[in-house]
Amino acid sequence: MTPPSVLIVDDEAELTSALEERLCLRGFRAVGVTNGPAALAQLDAMPWDVVLVDVKMPGLSGLDLVRAIRDRHPAQPVILLTGHASEEDAAAGQAMGVNEYLLKPVGIEQLVEVLRATADKKEGAT
Amino acid sequence: MTRRHSSAGPPEERPDSGMWGEHGLLSRSRYRRMLFTVVIAVATVALAPLGVMSVITYRQYQDAFRAELTRPMFRFAEAGSQSLDAFLSERQLALAMVVRETPPEQLIEPGRLDTLLASMKQTFGGLVDLGFINEEGIQTAYAGPYELTGRDYAGHAWFQGAANRGSHVSDGFLGYRGLPHIAVAIRGHTDTGGWFVLRATIDTDVFHWLLRDRASRRPEQGSFCSRCHSLAVPPFSDAFIINEARQLQTPSQLYGAVLDTAGIPDLRSMPGTGLLETTDARGQDVAIAYAAIARSPFILVLVSPRDALHAGWLTLRRDLIVFPAASALLILAVVFTGTLYLVNRTRESDRKRAALFHKMEYANKLAAIGRLGAGVAHEINNPLSIIMQKAGLLRDLLTMSDEPPPRDKIIELTDSVLRSAERCGGITHRLLGFAKHMDVQRENIDLDVLLREVVSFLEKEAEYRQIRIDFVHDDDPPMVVGDRGQLQQVFLNIINNAFAAVEDGGHVQIEIRRADRDRIAVSVEDDGVGIPEDQLQQIFDPFFTTKKGAGTGLGLSITYGIVQKLGGEVSVWSRVGEGTRFTVTLPIGKPASP
Chain A
470 MTPPSVLIVD DEAELTSALE ERLCLRGFRA VGVTNGPAAL AQLDAMPWDV VLVDVKMPGL
530 SGLDLVRAIR DRHPAQPVIL LTGHASEEDA AAGQAMGVNE YLLKPVGIEQ LVEVLRATAD
590 KKEGAT
Chain B
322 MTRRHSSAGP PEERPDSGMW GEHGLLSRSR YRRMLFTVVI AVATVALAPL GVMSVITYRQ
382 YQDAFRAELT RPMFRFAEAG SQSLDAFLSE RQLALAMVVR ETPPEQLIEP GRLDTLLASM
442 KQTFGGLVDL GFINEEGIQT AYAGPYELTG RDYAGHAWFQ GAANRGSHVS DGFLGYRGLP
502 HIAVAIRGHT DTGGWFVLRA TIDTDVFHWL LRDRASRRPE QGSFCSRCHS LAVPPFSDAF
562 IINEARQLQT PSQLYGAVLD TAGIPDLRSM PGTGLLETTD ARGQDVAIAY AAIARSPFIL
622 VLVSPRDALH AGWLTLRRDL IVFPAASALL ILAVVFTGTL YLVNRTRESD RKRAALFHKM
682 EYANKLAAIG RLGAGVAHEI NNPLSIIMQK AGLLRDLLTM SDEPPPRDKI IELTDSVLRS
742 AERCGGITHR LLGFAKHMDV QRENIDLDVL LREVVSFLEK EAEYRQIRID FVHDDDPPMV
802 VGDRGQLQQV FLNIINNAFA AVEDGGHVQI EIRRADRDRI AVSVEDDGVG IPEDQLQQIF
862 DPFFTTKKGA GTGLGLSITY GIVQKLGGEV SVWSRVGEGT RFTVTLPIGK PASP
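Those protein sequence lines, which keep their order, are chains A and B.
All you need for this note's numbering is the position in the first sequence, starting with 1, plus 469.
All you need for this note's numbering is the position in the second sequence, starting with 1, plus 321.
There is no bait here: all hints are sound.
The calculated label-pair distances, taken between Cβ atoms and stated as ranges, are:
hint : chain 1 : residue 1 : chain 2 : residue 2 : range
1    : A       : ASP589    : B       : PHE861    : 57 to 63 Å
2    : B       : HIS828    : A       : ASP589    : 43 to 49 Å
3    : A       : GLN563    : B       : ARG351    : 56 to 62 Å
4    : B       : ALA821    : A       : ALA544    : 35 to 41 Å
Sample of chain B residues lacking proximity to chain A, with all beta carbon distances greater than 10 Å (derived):
hint : residue
5    : GLY482
6    : ALA836
7    : GLU846
8    : GLY882
The hints are simulated quantities; they were obtained by calculation from the structure and are not laboratory data.
Every residue, glycine too, gets a C-beta built ideally from N, C-alpha and C.
Using the sequences provided together with the hints, build the complete structure.
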């Protein structure tokens, strides 16, 4: 069985690098990128089980990125990560079919659980 | 030195301190000035008509009282002079009739004059004797109580007066008899072309009796004076007759006996009937009514000491002064008490308003901080996430691997944790630094530094929304004197609004420039949606907001209030679709004392 693949998109490079390592230690294949265009390039290059997207990013924002993902890869599971709970963001995410909505700072156990559940769901769907 | 701020609610600032304090809007001297200004204005308006009316009333009463007091004197003088004139003219006419009707040779017949005298005394009264004087001035016939036959009157004024003018009434004099009397003389003519004088004398006591003493016995029997008016000397007054040389013809209570000189002004220059108020020879203030007696050298005089005359006036005058004065005092007391009450109420209301404004300021500040919440939460949660994941990774490496992690890895992870913790510390300090400034302190403030602090709160939002913020200022803009916390609030409100107005990728320009010698202007201009003209009038009104549900409507009204307190102005320019520019002008002011 291949490990679930996770693409982490966050403008904080220190955060993506730490998450990459921790998820790898827990059996994921995790790669971090720090902006939207890089994330789209990764998605175009290969299939990913889950994309973890930070809402607030300079340039292409998290929600804009999700919109672009939906255009190109409508079935791609996406989890939104945000620094603050905003009803507007949650509603927008839901409208775009975002699978989960997590609040920073998030514990690794919760993150792993959500990632696995989302990846399993995708597995089941294909 | 660190400052501690632990309260969650508005700091316990007394509204009568700081900008509202002893030297500010709530200062005692301001209310004292207000009290005196209002008291003086209201008292002037209330007392001026009272004063004017009092003066007019006083004058009118004074004139009326004077007229009331002097009219009887005047009337007495007039009536008295008419009576005396009638008295004298009756006797002159009687003598003239005798001269005309009786031939001179009959007049000098022995006993003839006695008969005539007796007849005249009976008809007219007041006559003492009767004499016939020939051209040489020798009294050739005489009827009366004295031995005067053969006396020479050639040198007497009355003889010469009658010889020259046909008739004469003399001044009072003593003559040969040694008693005061006056002579009434009429010239008559003989058939042979010669002339003579018929003279009667009148005792001056008669005049005295006429003026003052009518209750007592008449000097002699007879009808006395058929056309004489009844005379009543006004109380406290002295009536007497003088000649033109002011010699008393009747005794005076004030100025002496008959033939003494009366100590009153010379009345020759004031003919006819009149009244004068003057000081007499005794130094007493007197009112003098006088009337010349026609066909005689006499003047009837009535003198009243002014004190006695004015006794009633003085009482009235006291009332005329005391009543308005008491009214004025009452008005002043009511005005002062009423104004004091109103000023105290105003002060209390101002104090409450100041306290309310202070609370509103705080509420606005909290709302502003709340609006920053999104950015701040993100800013804090990002480093917190890094701390969590880096520390978690360290733990993972220690617990999930058989071998301990390399030293360099541990150092790298802990450094990352420390850096992130410092980031959190910086953010919280900045936020506290903004929230804590509620107690008003005047200090020198570099507006460029202050504006950059304010913008630092919005940096992340600007970054995410790609809003460009430009700073433009003169080379070395002068410091302003003000309160740091309040100025932060002013500019945070305005820049927040600019951020709300612009689209993502918009532009906000902050410019600091010298408005003139004493003022510095800060303008915040955006290229956002703009404000419709009908709303421009309302934007500084409390509770007016266009941010449906997202704004308190306090921001710009608080901004306006604070800038006003700092002695500055806020103006706004806006055009829909083009953008908005807020300009805050602040006085440069003197450096704050240490």
